[in-house]
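Residue numbers (my numbering), protein chains in the order written: chain S, 405 to 542; chain B, 331 to 412.
Simulated from the structure, these hints should not be mistaken for laboratory data. Note that the Cβ used here is the ideal one computed from N, Cα and C, for glycine as well. Hints may contain errors.
What the hints assert, rightly or not - Here are a few chain S residues that face chain B, going by a calculated C-beta distance under 7 Å:
#1 V438
#2 E454
#3 M459
#4 M466
#5 M503
#6 V507
#7 F509
#8 R510
#9 W514
#10 K520
#11 P524
#12 V538
#13 E539
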Amino acid sequence: MPRLQRENFDVGKEICALTSKNQRTGAAVSFLGVVRDFSRGEDIEKLDFEHYPGMAEKQLEMLETKAMEKFDILDCLIIHRTGVITVNENIVLIIAISMHRRVAFRACEWMINTLKKNIPIWKKEFSTTGKYWVEDHP
Amino acid sequence: MVRVRFFASIKEKVGKSEIEAYISGSETVGVLMGRIADEYEVKREVLINDTLLYAVNHNHVKSDYLLKDGDEVAVLPPLSGG
């Protein structure tokens, strides 16, 4: 089950929790999104993530389900934080586990790319010169 | 009556996070957006442009989706999660 949460998460614990649920696991591939300190040539102080309650959770569940159908993976997990997040903090974690590595790499990349296109979450950047909604996909 | 929700940059441009609107018979999301823009004196291109996504009852839809009474419509500016 995906999670949308304000609090931070422990990457190692999340990976171990997922892999320990399935003894056929031979590979765990993860993507971690982190707040960087610059964007478009400006210094970034923090980000504020807004989401559409109800729809974001539903679409994330559909994303995990589609990933399980599309790729030969054993399990997957998406965690996305909401609210204000400062530089160097975690934003999003995606994990795919499988018997062999290749499919887990593909599933993980597909999930983060699809999340960026389909999940109703918006990022506001707070830079030294102002605050802006991010409306493109770098 | 339908509930219309606005998020992020659209919420700031419209000045509201949600409104309620009557729909007359079979009305599409696009037609409703035009009426709301006129009623709330927002430029039409704020609510109708190629970068926007629309959702009805938490599912992505196109602007020609036919609404029915009780629907929850959402205007989604370009997404930027992750």
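| message | Let's test the interface hint: is any C-beta of chain B closer than 7 Å to that of W514 of chain S? | response | 13 Å, violated
| query | Does K520 of chain S pass the interface hint, meaning its C-beta sits closer than 7 Å to a C-beta of chain B? | reply | 5 Å, holds
| request: Verify the interface restraint on V538 of chain S: the C-beta must sit less than 7 Å from at least one C-beta of chain B. | output: Nearest chain B Cβ about 4 Å off; hint holds.
| message | Tell me if the interface restraint on M503 of chain S is satisfied: Cβ within less than 7 Å of some Cβ in chain B. | response | 27 Å, violated
| query | When the nearest CB of chain B is found for P524 of chain S, is that gap smaller than 7 Å? | reply | 5 Å, holds
| Proposed interface contact between M466 of chain S and chain B, which counts if any beta carbon pair is under 7 Å | 9 Å, violated
| field | Hint check, R510 of chain S versus chain B [nearest Cβ-Cβ separation less than 7 Å] | value | 17 Å, violated
| query | Can E454 of chain S be said to touch chain B, with a Cβ gap under 7 Å? | reply | With Cβ-Cβ at 6 Å, under 7 Å, it holds.
| Residue hint V507 of chain S, partner chain B, criterion CB-CB below 7 Å | 21 Å, violated
| message | Hint F509 of chain S vs chain B: min CB-CB distance below 7 Å? | response | 17 Å, violated
| request: Would you check whether M459 of chain S satisfies its interface hint, that is, whether its CB is within less than 7 Å of any CB in chain B? | output: 4 Å, holds
| message | V438 of chain S was flagged as interface toward chain B. Is the shortest Cβ-Cβ separation under 7 Å? | response | It is violated, given that the least Cβ distance between V438 of chain S and chain B is near 11 Å, above 7 Å.
Violated hints, in rising order: 1, 4, 5, 6, 7, 8 and 9; the structure is consistent with all others.
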